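Chains as they are written, first to last, in the numbering used here: chain A, 1 to 231; chain B, 232 to 462; chain C, 463 to 693; chain D, 694 to 1066; chain E, 1067 to 1439.
No lab work stands behind these hints: they were computed from the structure. One or more of the hints may lead you astray.
Covered stretches of chain A (chain B as the covering partner; in silico rule of three or more C-beta atoms under 8 Å from a C-beta of chain B) [said to hold, decoys possible]:
| no. | segment |
| --- | --- |
| 1 | 111-120 |
| 2 | 205-219 |
The list that follows gives simulated cross-link-like pairs (lysine-lysine, DSBU-like), each with its CA atoms no further than 30 Å apart [claimed, not checked]:
| no. | chain 1 | residue 1 | chain 2 | residue 2 |
| --- | --- | --- | --- | --- |
| 3 | A | K226 | B | K457 |
| 4 | B | K353 | E | K1234 |
| 5 | B | K457 | E | K1274 |
| 6 | D | K768 | A | K226 |
| 7 | D | K903 | B | K353 |
| 8 | B | K457 | A | K122 |
| 9 | D | K995 | D | K1012 |
| 10 | B | K353 | D | K768 |
| 11 | B | K457 | E | K1141 |
| 12 | E | K1234 | D | K1024 |
| 13 | C | K661 | C | K678 |
| 14 | A | K122 | E | K1274 |
| 15 | E | K1234 | D | K903 |
| 16 | A | K226 | B | K353 |
| 17 | A | K122 | E | K1276 |
| 18 | A | K226 | B | K276 |
| 19 | A | K122 | B | K353 |
| 20 | E | K1276 | E | K1141 |
| 21 | B | K353 | D | K901 |
| 22 | E | K1234 | D | K901 |
| 23 | C | K673 | C | K491 |
| 24 | E | K1234 | D | K906 |
| 25 | A | K226 | D | K901 |
Nothing here was measured: the structure is a model prediction, and the numbers come from that model. Cβ coordinates follow ideal geometry from the N, Cα and C atoms, glycine included.
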Amino acid sequence: MDFLSPEEWTAVALSLRVAIWATLVALPLAIWVAFLLARRDFWGKQLLNGIVHLPLILPPVVTGYLLLLTFGRRAPVGAWLADTLGLVFAFRWTGAALAAGIMGFPLMVRAIRLALETVDPKLEQAAATLGAPRIWVFLTVTLPLILPGIIAGAILGFAKAMGEFGATITFVSNIPGQTQTLPSAIYAFLQVPGGEASALRLVAVSVVIAMAALIGSETLARRATKRVMGA
Amino acid sequence: MDFLSPEEWTAVALSLRVAIWATLVALPLAIWVAFLLARRDFWGKQLLNGIVHLPLILPPVVTGYLLLLTFGRRAPVGAWLADTLGLVFAFRWTGAALAAGIMGFPLMVRAIRLALETVDPKLEQAAATLGAPRIWVFLTVTLPLILPGIIAGAILGFAKAMGEFGATITFVSNIPGQTQTLPSAIYAFLQVPGGEASALRLVAVSVVIAMAALIGSETLARRATKRVMGA
Amino acid sequence: GQVTVFAAASMKTALEDVAADWQRQSGHKATLSFAGSSALARQIEAGAPADLYLSANSGWMDRLEEQGLLRSGSRSDLLGNQLVLVGPAGTAPQPLDSTLIDALEGGHLAMALVEAVPAGIYGKAALEYLGLWTDIAPHVAQADNVRAALALVAIGEAPLGIVYATDAQAEPRVDVVAEFPAPSHPPITYPVAILTDSKADTVQAFLDYLKGPVAKKIFLRHGFTEPPQHK
Amino acid sequence: MNLSVSIQHRFAGFTLDASFETPNGVTALFGSSGSGKTTLVNAIAGLLRPDQARVQIGDRLLCDSDQGLCLPPHKRRIGYVFQEGRLFPHLTVRQNLRYGSWVSGRQRDQAGETRVVDMLGIGDLLDRRPGALSGGEKQRVAIGRALLSQPLLLLMDEPLAALDEARKAEILPYLERLRDETDIPILYVSHSVAEVARLATTVVLLGKGKMLKCGPTAQVMSDPALAPAIGLREAGSVLTATVTAHHADGLTELAAAGGQVFLPRIGVPAGGTVRLRIHANDVMLSLGRPGRISALNVLPGKVTSIRSGGGPGAMVQLKAGHDQILARVTKRSATLLGLEPGSEVFAIIKSVSVAQADIGARNQSMAKSDTTT
Amino acid sequence: MNLSVSIQHRFAGFTLDASFETPNGVTALFGSSGSGKTTLVNAIAGLLRPDQARVQIGDRLLCDSDQGLCLPPHKRRIGYVFQEGRLFPHLTVRQNLRYGSWVSGRQRDQAGETRVVDMLGIGDLLDRRPGALSGGEKQRVAIGRALLSQPLLLLMDEPLAALDEARKAEILPYLERLRDETDIPILYVSHSVAEVARLATTVVLLGKGKMLKCGPTAQVMSDPALAPAIGLREAGSVLTATVTAHHADGLTELAAAGGQVFLPRIGVPAGGTVRLRIHANDVMLSLGRPGRISALNVLPGKVTSIRSGGGPGAMVQLKAGHDQILARVTKRSATLLGLEPGSEVFAIIKSVSVAQADIGARNQSMAKSDTTT
Ligand SMILES: Nc1ncnc2c1ncn2[C@@H]1O[C@H](COP(=O)(O)OP(=O)(O)OP(=O)(O)O)[C@@H](O)[C@H]1O
Ligand SMILES: Nc1ncnc2c1ncn2[C@@H]1O[C@H](COP(=O)(O)OP(=O)(O)OP(=O)(O)O)[C@@H](O)[C@H]1O
Ligand code: MOO
Ligand SMILES: [Mg+2]
Ligand SMILES: [Mg+2]
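Here chain A stands alone, though its shape is the one from the complex:
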């Protein structure tokens, strides 16, 4: 395709990979945290709630900087992960996914939590009387009922991951082919006088991808809602 240079295609593919991984990995964790916040009472709940919201409150650059201080090669957590699990984030696409996942996390948690809070506990009670242990109640009743919320959370996370720039570039820099996501490429174009047109091309690609995901998710969510609401 002539529309984008090979390097730009690489950035598109990378952004997709980053956004998909960020969403998929963060989602189960977001469901769990949302569940804790919506249904459990424990010491430090408000603290957890605050930490979850931090990426929203902090300027992205700060988040990226904190990530660097935590998950960098020299940082304690980063070094430990690299040594024991062989999981390296610094200057890798995995780091971009981590940053994107963290930035989208509060959005996912909120959406899922909101859905959880409207599930009628009476249905869960009914499931329990039918012999379902807690985890089964969750999997067979709660989870399907909050599906619209999970889809909403996932699409918010995905969109955010597609657009995330500040934390990503601060944490993993911009290495073409490895960590250069679409937003980094767009940013670079915008730094150069006359780069607007090129930037716009990439913006268009980004928007098309996100819209496709959005419409897909709407369809899924509508189906899920319809199932729950009847007919």
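Model the placement of chains B, C, D and E with the ligands on the given structure of chain A, informed by the hints.
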């Protein structure tokens, strides 16, 4: 107070003003858009949905740039607003509020929409049979029932507004006392070697404010939920 | 009588010292707005209420000049700078030859965006001039600005980085391990100009002060050099 | 104000097609589970937009597909007691009750509110929210809410099913008063024949979405052909009688077409007309006038028909005066007594078996509208 | 397996304090709206954690506050039919029915499923989702779901209230079979005396959170002192009788303590024991043996007591053999017949008035457990 310089206090005050205005002004609009998306079918619905999500998908710098192209003093919309309504966004705190509001808009809409989708239409039907016109049904039944969602949306919007940097600095610059919000000030410090300590002070202030808002909102939301769920 | 100065973010510390001194001398206040040179230039295009533009990048200044946004005759090169190779404090001096890649020890060379941000553009030019670019390019981590690249070295995430001498001097956690010869890259200049729309009566006085000996002394103290003569 | 309804609507696998016109008073909508009662009532309320509909109360046209007219629910002024409560969870019981007058900006009728609250026994619940109410408490609040919205038509979908006998017995008279003292027509869905017989002026019998029968209660209830649809145990007849005297021992004497009848005292003055429901099961037949027995009501009559199915029972229809009386006896008895059409028999009805809950008082205007349909 | 329950719990403004022990079979929980029935049942199911509780089924201890033991709901193996359905909206009817065996990993009983589906008449609904079911359809699915979860105790909170007579009549025999053929105790909340009389081995009468009475159905139902609590219209007596013969004309002949009784054929073989419920309202008294009347059942007896209140009626208790029979007559009749304790009378009961729905078949083991309590 010695902890912050007068200029920094100004930035704190400005950030608060920006975040509060952004949230309050965007909220009714977000409720309206969420209502359209959740309850109405119309031509261009997916388009509206996409536009609402744009600020999430685009790198903030791009959003800021588009704002500049739209609401700048030389831009058609900006000039028109200034001439007819006397409303100037460019390089004013109002512009920072506009940017923050737009960046937080998709988060608000999603939260409210999610809440709307779980309201049982049977209750709204019941209200109608009791003689309530549509708008009254909305105000007296729907709105109170989605209060937890509105609160969630508002706090997401507020937190985002407190942390918004990319779009703001691109749109209204970083003029101390006029458009320098906390994130801009933090960014400026991070540009200075050894500025981390100063940046951290401001980060702390930002986090404290956002946490206070968060805990306040949780309390409100819990009360609202409890009212709805019974007891 | 207040002057609003739009200045490249990398000049923050130095310019703040100068402005403070000017206020002490003249009693007039200079309001300093720091952001990326590109963002500032676009804002000026959009009618920003700035009196003086101090860029780290002559490209953006050229563009404003073409558009007639600069008061004619007011443009000049205010300062120069030097490009250096830095490593974490204690790193041994490093010759600028093919051993450079080994010195990375598998790590990354931190630079600003090599296509977009001046420090990155200069650095890439220098490496090309030295015949090292092709080999080293895959190992370059590009940060969104030169200070972020500096930070990567300062916290030890990158074993080496290319930054301005001014940055290296301000950051105690790094040592200069090599200086790039002046001919290896285009001259580094910081152009300054008064904007056509400026109404502040003190703007010329401030510009004169910037060019004057007192300010120059402060700038030199921060590591800036006299502007390169050939233009 | 009479109610005229004609509705056609298709769901996947279910078609509703019912037209009927009923006079003022209470119309009972009767039919088995899934026969389309709720669907019909929803269409009248405007909550379901049927494929084809025409609904008119008196001369107020609510909806007419042919004219493209369809009032939205809030303009119909229909009070609806839903099968499942639908109380507003965020409002207190008091606020739920006042909702109707609040949103329509009508003057609140404090006296009416107090009366309804007392009648429903929900005075203690006023400041609570619906979430923690018991099933019956919820339904009582829902009834109150609909009554207080000053409707022009009341739709009640099994309103009393969740209530105990004592509470039912308390609420039924209020519904009767509503029927008798106001002009508000009531469409009443119920599975209880006793309730229907007591309240309803007209009965609409639905079966699988079709209207099987629509007519005055007396006629539908004593139609032996409909006995299976209504339930054999519940079949019976409805007589009209005039109060002649109230006696000191607590009995009221009435004149029915077939003779004198005694009832525990009823609140209708002498000269008033009442309806008596007599379960076919509660009627015994005797060939001679019985002697010293506790039953006070013995009406002479003539057998008009005997229908017997596969079971051990037989349904005997008598004519007593110009009234129809149904009696359900065993085939064995019918044989032992030699019953056949034309046999002269005595119907023995224990006075107390024509129980309080089966007595429906009717005012004159209703009696009129009843006979004209 | 008997059920032993002792529960204390306080809500703001309401205190539940009830202890009872019931033998196997069906225990009816009877009481007015808001008396605490649902609260009690929730506590037994483990959905509400009461302040103080001890619940035991047979020798399975479900919960004992003193020992700090409290099994979670899913370990209690209690099938619960809720007052409001609570079907899973995201599952089809079929999936709802199979939910219990699915989550507990039990072998699905296909034959049982078919039987339950047929019995409840929900075969056509299996692939639908609950959202669009009618009120009665929902409740039938809920009953099926609970039955198919293979529970050790069934809790039913007004399960039949939303159903029509025909459907009730279809489902009741199945509950009877459940009672008679399995060892599953059933706790049954209902406002219908007919249902209670037919099904219940034991009746627990609740009033304002307190247990008013707990005892065998016959005893509670024929206690004149409890008549007001149960509802005057519903008072009656319960007799035990033995089947002696099935006649060709569809009647079954039984021997009660007081004499011979005829009923429409019942499905109990000769020699079996059954319970007959007789409404006090359905009994007529005669001083002489009546002549040619349609009633086949005439039992001689002796008046033991006459209670009359402020109304026009009187409750006459007779001894017929060793059985108690309640008859409700007017004071006027009592006076006319000169009734007083010791009077010899004949109780006339229309055979068909001891109706199908009031017949409860009992197997031997139950008769035993009944007499030992
Ligand atoms: N969570 C609660 N908080 C406070 N009061 C409650 C709560 N739940 C129930 N109650 C009250 O306890 C009483 C008993 O309620 P319960 O639901 O057990 O009644 P019930 O006997 O089942 O009535 P019904 O026949 O109407 O269903 C009622 O007065 C009810 O309002
Ligand atoms: N939205 C719908 N889509 C498809 N079928 C429906 C829908 N709503 C109702 N039905 C079907 O229409 C039929 C009539 O339902 P309706 O609720 O009117 O019955 P009903 O007479 O009120 O019964 P019940 O006495 O059990 O409440 C039922 O078979 C039901 O399953
Ligand atoms: O304008 Mo910059 O931030 O020094 O490249
Ligand atoms: Mg219905
Ligand atoms: Mg209850």
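Hint numbers contradicted by this structure: The structure breaks none of the hints.
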